[in-house]
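Novice: Plus 971 on top of the position in the sequence shown (first one is 1) and you've got our numbering.
Heads up, a few of these hints could be off.
Unchecked claim - Simulated pairs of lysine-lysine, DSS-like, Cα-Cα distance not exceeding 25 Å:
1) K1196 to K1169
2) K1180 to K1206
3) K1196 to K1206
4) K1206 to K1128
5) K1169 to K1206
6) K1169 to K1180
7) K1137 to K1102
8) K1261 to K1206
9) K1206 to K1137
10) K1169 to K1102
11) K1180 to K1128
12) K1128 to K1169
13) K1137 to K1169
Source of the hints: derived by calculation from the structure; they are not laboratory data.
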Amino acid sequence: MSPIGIASTLLGLIQSAVSTSSSTSNQAATARSGSIEEANFSSSLTLRMAALQAQSVTGLLGSLPAGGKASSAFDFLGTMQTAGSAAIPGLSATGRNLTLFDPESAYRMMTAINNGDVTYKAQFSELSEMKTAVTGMQQAGLTLGAVSESLDDAAIKTQLQTFAAKYNEWIGRFDGTVQGDGLLAGTQAATISLYELKQSVENIFNGAKGGFHGLRDLGLSIDPKTNLAVLDTAKLDSVLGTNRQGAIGTITEFGANFARSAELLNSANNFIPNRLANLDRVIDYIGENKPALQAEFGLGNPATPSAQVARALAAYNQNWPT
972 MSPIGIASTL LGLIQSAVST SSSTSNQAAT ARSGSIEEAN FSSSLTLRMA ALQAQSVTGL
1032 LGSLPAGGKA SSAFDFLGTM QTAGSAAIPG LSATGRNLTL FDPESAYRMM TAINNGDVTY
1092 KAQFSELSEM KTAVTGMQQA GLTLGAVSES LDDAAIKTQL QTFAAKYNEW IGRFDGTVQG
1152 DGLLAGTQAA TISLYELKQS VENIFNGAKG GFHGLRDLGL SIDPKTNLAV LDTAKLDSVL
1212 GTNRQGAIGT ITEFGANFAR SAELLNSANN FIPNRLANLD RVIDYIGENK PALQAEFGLG
1272 NPATPSAQVA RALAAYNQNW PT
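Construct all of the structure, not just a fragment, from the sequences and the given hints.
Specialist: Below is the structure:
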């Protein structure tokens, strides 16, 4: 396949990843459509491909102007140095392919690919950690689902406090990643995971048979400002004293439903596995075809990741070395 064909296929993979994520989000009205960084990368790559494909193959791959010299518009490039260009035949010292009709557009496209390569690896690492954490939340739900009347009130209170602490650990770790410029901001798999587990905690139908409206009637609620779980132990003590059987029934019903919600998030062909599979395909494709892309379009500027992206990228390189 030609380098332009490779770039076109790469663009298709990226757009497919965004498209799959968007179609999945129709199942949850609260999720935002598409990752902001993915959309920016995809849009940038689309523009670069359009600029390059607008030229004829002859124009893109044709020979230099008469005399074998590059156009004077690129004379300034000869005074610059780019590490790695010497290892790829045909590239200038600045890492451009000056035989192209528009070396700068090609170079910028490669810069976008370099940035995407780093970002997608970081997102894969972060989302993989979320997948593991969701499994931990599932286990926390199963533990509550196993609460029985044989436990004394102090033990039941401890079980709810332990669950609240586990939930708050989950929020503390991942809530910020979907906010603002967080690494998973706009990534539906992450946004929906946080939303669904929060909705499960706030479900008012748990315990209906026992006369309750969810865990809030037992004193466990979500603070709307911090998104953290708060347990009112005085309210729990009161409920256990007046309707102990109904309270325990509410806890076990909630635990089972919460565990099921977490299980579905990680189930095959659902949010998290689908997103990880899409990221993995794009990462692999870039890795396999990057040398051919660089030889044709230039090296591009190396990615300059933020601190959070750099941390996630380091974890990716450690856990999924190439």
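Novice: Would you mind marking each hint as holding or not holding in the structure?
Specialist: Here is how each hint holds up against the structure:
no.	hint	in the structure
1	K1196 to K1169	holds (13 Å)
2	K1180 to K1206	holds (19 Å)
3	K1196 to K1206	holds (21 Å)
4	K1206 to K1128	holds (11 Å)
5	K1169 to K1206	holds (21 Å)
6	K1169 to K1180	holds (22 Å)
7	K1137 to K1102	holds (15 Å)
8	K1261 to K1206	violated (60 Å)
9	K1206 to K1137	holds (21 Å)
10	K1169 to K1102	holds (16 Å)
11	K1180 to K1128	holds (21 Å)
12	K1128 to K1169	holds (20 Å)
13	K1137 to K1169	holds (13 Å)
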